[in-house]
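Residue numbers (the working numbering), protein chains in the order written: chain B, 1 to 415; chain H, 416 to 757.
Don't take each hint at face value.
[Claimed, not checked] Now the stretches of chain B that chain H is said to cover, found in silico as 3 or more residues with beta-carbon under 8 Å:
id	stretch
1	63–70
2	81–89
3	93–104
4	111–117
5	177–188
[Said to hold, decoys possible] Each pair of labels, with its calculated beta carbon distance range:
id	chain 1	residue 1	chain 2	residue 2	range
6	H	Q587	B	A130	49 to 55 Å
7	H	R599	B	L128	35 to 41 Å
8	B	G223	H	R550	36 to 42 Å
9	B	L131	H	P418	26 to 32 Å
10	B	L128	H	P549	27 to 33 Å
11	B	L128	H	G464	24 to 30 Å
12	B	L129	H	R721	51 to 57 Å
13	B	A192	H	R725	33 to 39 Å
14	H	E755	B	A147	50 to 56 Å
15	H	E696	B	Y256	48 to 54 Å
[Unchecked claim] Residues of chain B clear of chain H, computed beta-carbon distances all greater than 12 Å:
id	residue
16	R41
17	L162
18	P204
19	D243
20	A245
21	F267
22	A384
Hints in this document: simulated from the structure, not taken from any laboratory. In this text, a Cβ means the ideal position worked out from N, Cα and C, and glycines have one as well.
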Amino acid sequence: MDSESLLRKRYADSSDEELTFLARQGFTYVAWALLQEEMTRRGLPQPAPEVADVAVKTPYVSQPVFTGAGGEYFRIWSVNLLLTLSTLGVYSAWAKVRKARYFRNNTQLDGHAFDYHGNPVAILRGRLLALVLFTAYSWAFAFSKVAGLVTVLVLCSAGPWLVMRAQQFALGNTSFRGLRFGFRAQPRQAYAALLPVLVLWLSPAVAGVFMTEPWWLGWTVLGIPWMHHRLKAFQRGHASYGDQAFTFTPSALRFYAVYAKGVGFVFIGSLVGGLVLAALFAARRGADPIFGLSSIESLIYGGVAVLFMYVMAGPYYAARVQQLVWSRTRLGDVRFLTVIKAWPLFRLVFRNAALTVLTAGVYWPWAAIAMARYRIESVRVESAAPLATLAGGIQAAVSALGEGAADAFGLDIGL
Amino acid sequence: MSPPAFPATRFDGVRADALAVMLSVEDGRLVVAATDGAVLEREPVEGIGISEPFANAPRLIALPGGATLEAPDGGGELLRALLDAGMRVSPVVRLRDWPAAVALALAALVALLAFAYLEGVPLGARWAAFAMGPRLEQRMGGELLSVLDAHYFRSSGLTLSRREAIATRFAQGAAAVAPGTPYRLEFRAAGPRVVNAMALPGGVIVLLDGLVEFAIQEDAVLGVLGHELGHVVHKHGTRQVLQSVGVGAAAGLLWGDFAGSAASAPVAVGLLRYSRDFEREADDFAIAFLRSQNLSAEAVHGFFVRMRDRQRDEIGAIPEFLSSHPSTDERIERFRVEMERR
Numbered sequence: 001m002d003s004e005s006l007l008r009k010r011y012a013d014s015s016d017e018e019l020t021f022l023a024r025q026g027f028t029y030v031a032w033a034l035l036q037e038e039m040t041r042r043g044l045p046q047p048a049p050e051v052a053d054v055a056v057k058t059p060y061v062s063q064p065v066f067t068g069a070g071g072e073y074f075r076i077w078s079v080n081l082l083l084t085l086s087t088l089g090v091y092s093a094w095a096k097v098r099k100a101r102y103f104r105n106n107t108q109l110d111g112h113a114f115d116y117h118g119n120p121v122a123i124l125r126g127r128l129l130a131l132v133l134f135t136a137y138s139w140a141f142a143f144s145k146v147a148g149l150v151t152v153l154v155l156c157s158a159g160p161w162l163v164m165r166a167q168q169f170a171l172g173n174t175s176f177r178g179l180r181f182g183f184r185a186q187p188r189q190a191y192a193a194l195l196p197v198l199v200l201w202l203s204p205a206v207a208g209v210f211m212t213e214p215w216w217l218g219w220t221v222l223g224i225p226w227m228h229h230r231l232k233a234f235q236r237g238h239a240s241y242g243d244q245a246f247t248f249t250p251s252a253l254r255f256y257a258v259y260a261k262g263v264g265f266v267f268i269g270s271l272v273g274g275l276v277l278a279a280l281f282a283a284r285r286g287a288d289p290i291f292g293l294s295s296i297e298s299l300i301y302g303g304v305a306v307l308f309m310y311v312m313a314g315p316y317y318a319a320r321v322q323q324l325v326w327s328r329t330r331l332g333d334v335r336f337l338t339v340i341k342a343w344p345l346f347r348l349v350f351r352n353a354a355l356t357v358l359t360a361g362v363y364w365p366w367a368a369i370a371m372a373r374y375r376i377e378s379v380r381v382e383s384a385a386p387l388a389t390l391a392g393g394i395q396a397a398v399s400a401l402g403e404g405a406a407d408a409f410g411l412d413i414g415l
Numbered sequence: 416m417s418p419p420a421f422p423a424t425r426f427d428g429v430r431a432d433a434l435a436v437m438l439s440v441e442d443g444r445l446v447v448a449a450t451d452g453a454v455l456e457r458e459p460v461e462g463i464g465i466s467e468p469f470a471n472a473p474r475l476i477a478l479p480g481g482a483t484l485e486a487p488d489g490g491g492e493l494l495r496a497l498l499d500a501g502m503r504v505s506p507v508v509r510l511r512d513w514p515a516a517v518a519l520a521l522a523a524l525v526a527l528l529a530f531a532y533l534e535g536v537p538l539g540a541r542w543a544a545f546a547m548g549p550r551l552e553q554r555m556g557g558e559l560l561s562v563l564d565a566h567y568f569r570s571s572g573l574t575l576s577r578r579e580a581i582a583t584r585f586a587q588g589a590a591a592v593a594p595g596t597p598y599r600l601e602f603r604a605a606g607p608r609v610v611n612a613m614a615l616p617g618g619v620i621v622l623l624d625g626l627v628e629f630a631i632q633e634d635a636v637l638g639v640l641g642h643e644l645g646h647v648v649h650k651h652g653t654r655q656v657l658q659s660v661g662v663g664a665a666a667g668l669l670w671g672d673f674a675g676s677a678a679s680a681p682v683a684v685g686l687l688r689y690s691r692d693f694e695r696e697a698d699d700f701a702i703a704f705l706r707s708q709n710l711s712a713e714a715v716h717g718f719f720v721r722m723r724d725r726q727r728d729e730i731g732a733i734p735e736f737l738s739s740h741p742s743t744d745e746r747i748e749r750f751r752v753e754m755e756r757r
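Can you build the whole structure from these sequences, using the hints too?
Laid out in structure tokens, this is it:
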């Protein structure tokens, strides 16, 4: 598909609010193309532009290509898993590097592949540190209040710095066209952005120690989208590629919208799923569909339905967050968009979940590849000039900030 | 005859723009030449870093000077030329490309997991529980009891003489079957219909008023306490905590990336099997306890029969694989056999 038809399809797929959002970005090439298209659709005559500066040229749209294959990844996965288990987890750091290389090497943008350079020993160091912190946090309160509070204090004081280092490691070890990505946040910025998030996140655990019924702490749940937004803004806003900086346009409200949709979806879906399951089972036994069930049976069926919805809703929600985050991210004049439609995604997720369960987990590598292909190939990169032309103006970063840090220890925070 | 040349892209590591080059392998060296034929690099094959070969991904080659090469190498000829020139391949990659090894790895994986689940995790947890100092366990149990006290339990409504009678008879039995095992009997009350007793890590046994009232006969209460003492002697509480850590780690490793929530379901079901084993072990202990005190299993048997009936009325039958206790019928049968043995 050429860039024009891609773009047309992209706009046809966009919601009204998304189009409005793009249009509000000012008269860039995107808005120009949109305007032209909309005018054609309505049969309006198209006047020649008076300002030559309004890029008349159509933006260039590139779609990343994922070339991974399930059968090949299956071989890597099984050998990785065996070595990890038989070394009691030590090999997991090497396995992580092989996996990251497989996915990055098989992702191509504009005909060039990404690469990963993480040092397994650094990752192992990071994993040990994470294990200690996680174990401490999970069990400290079981031993004593003081131990628990000390752990919370340690987490609060080290947390932002750790997230910063994790991001430096992940980006600093990823390369494209011979140049590294990077993360240029200062510790000061990390604490300013993330300390409030951590305090809010840990406050229920701390309050639960001192108060018997801190039900009112449920309000911290309402802060989760805000926390997620703040974290994403931090991770994207300080990212860089070569000497170019990424920018992130904040919008906490949109995170709330995505979360609200996700929660409503799980709620309605599990209600329907639970009722259908119960009716099926009851019909088989000839009892009243709802009230004929014993309480334990309805609990079990409801639980199965919720679990089912959770497995389905998780990837949907992740895709929506991906869409939102990318639409707010820019690299100079380069813009990113994600084209994800609910039904194709559901079919994929359902197929993955069903086959993984039916094959007792053996299908998992194929599922991971299919999911990666869907997510990677749904991204569109829009630029005013071909990417190869733009690349001529990008150089390696001069400042060495974060470069040494990228080698010290590799934390692997799945955020 | 000149060696075959392979098209590639060269990035200098300073700028992002690409340079089209031709690669060839001559006398154990990788030669990088510009399209006009000018030689840019001539590096010994041992000194270059090459990415793990994947079927559809390009070869990514790191040169010592900081430049990188990207060669499509669709047919794998470049890789073969480099291997012929003496480039080493990691044994792990060779394992991957050998189908028999992959099949073997899968079989070994399944065997390893089965062994870990059936034997390794219970053994490891058992070892750790008995190696762990008693103070750590007591701390865990004490902390757990204070949480339960704050949220769930009320103080017992039984008369002091009733409590003393139960405690004294229990102490006699404990001294006979588990001499030297430290335990602490705590009386508590919860909701009116909560019929339960439990053993916490560190030897705390909690007996709820609901159970004493429901049991009617004191012998049944003693049988249940003997069961809980079995949990204490075998350190089941601590082992349960340790096992959940072990199984959780393994499940996360296997399915963690797919969906963290889905990974927790097999963990929960997997742990129930351990729990049922513990309950059977504790039932054995309860029977030994009753024998030592010359008590009939009849009271305990009657207690379980009435529990089963009440459960059926209230919540219906639970399939065994979803239950943390052996099916009530199985337990009733065991105590019936014990009852008739005498």
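Okay, the hints, checked on the actual structure:
1. 63–70: holds (count 3)
2. 81–89: Since 7 is at least three, the answer is holds.
3. 93–104: With 4 residues close enough to chain H, the hint holds.
4. 111–117: holds (count 3)
5. 177–188: holds (count 3)
6. H/Q587 with B/A130: 49 to 55 Å: holds, 51 Å
7. H/R599 with B/L128: 35 to 41 Å: Check passed, 37 Å falls within 35 to 41 Å.
8. B/G223 with H/R550: 36 to 42 Å: At 38 Å between Cβs, range holds.
9. B/L131 with H/P418: 26 to 32 Å: At roughly 50 Å between Cβ atoms, H/P418 and B/L131 fall outside 26 to 32 Å, so the hint is violated.
10. B/L128 with H/P549: 27 to 33 Å: At 28 Å between Cβs, range holds.
11. B/L128 with H/G464: 24 to 30 Å: Once the Cβ atoms are compared, 26 Å apart, the range 24 to 30 Å for H/G464 and B/L128 holds.
12. B/L129 with H/R721: 51 to 57 Å: holds, 54 Å
13. B/A192 with H/R725: 33 to 39 Å: violated, 59 Å
14. H/E755 with B/A147: 50 to 56 Å: holds, 52 Å
15. H/E696 with B/Y256: 48 to 54 Å: About 51 Å separates the Cβ atoms of H/E696 and B/Y256, which means 48 to 54 Å holds.
16. R41: With a cut-off of 12 Å, B/R41 remains clear of chain H, as the shortest Cβ separation is near 38 Å.
17. L162: Non-interface label stands for B/L162: nearest chain H Cβ at 20 Å, farther than 12 Å.
18. P204: Consistent with the label, B/P204 stays out of reach of chain H, its closest Cβ about 15 Å off (over 12 Å).
19. D243: violated, 10 Å
20. A245: The assertion about B/A245 holds, with a minimum of 15 Å to chain H.
21. F267: holds, 16 Å
22. A384: For B/A384, whose nearest Cβ neighbour in chain H is about 16 Å away, the distance exceeds 12 Å, so it holds.
When the structure is compared with the earlier hints, violations turn up for hints 9, 13 and 19 and for no others.
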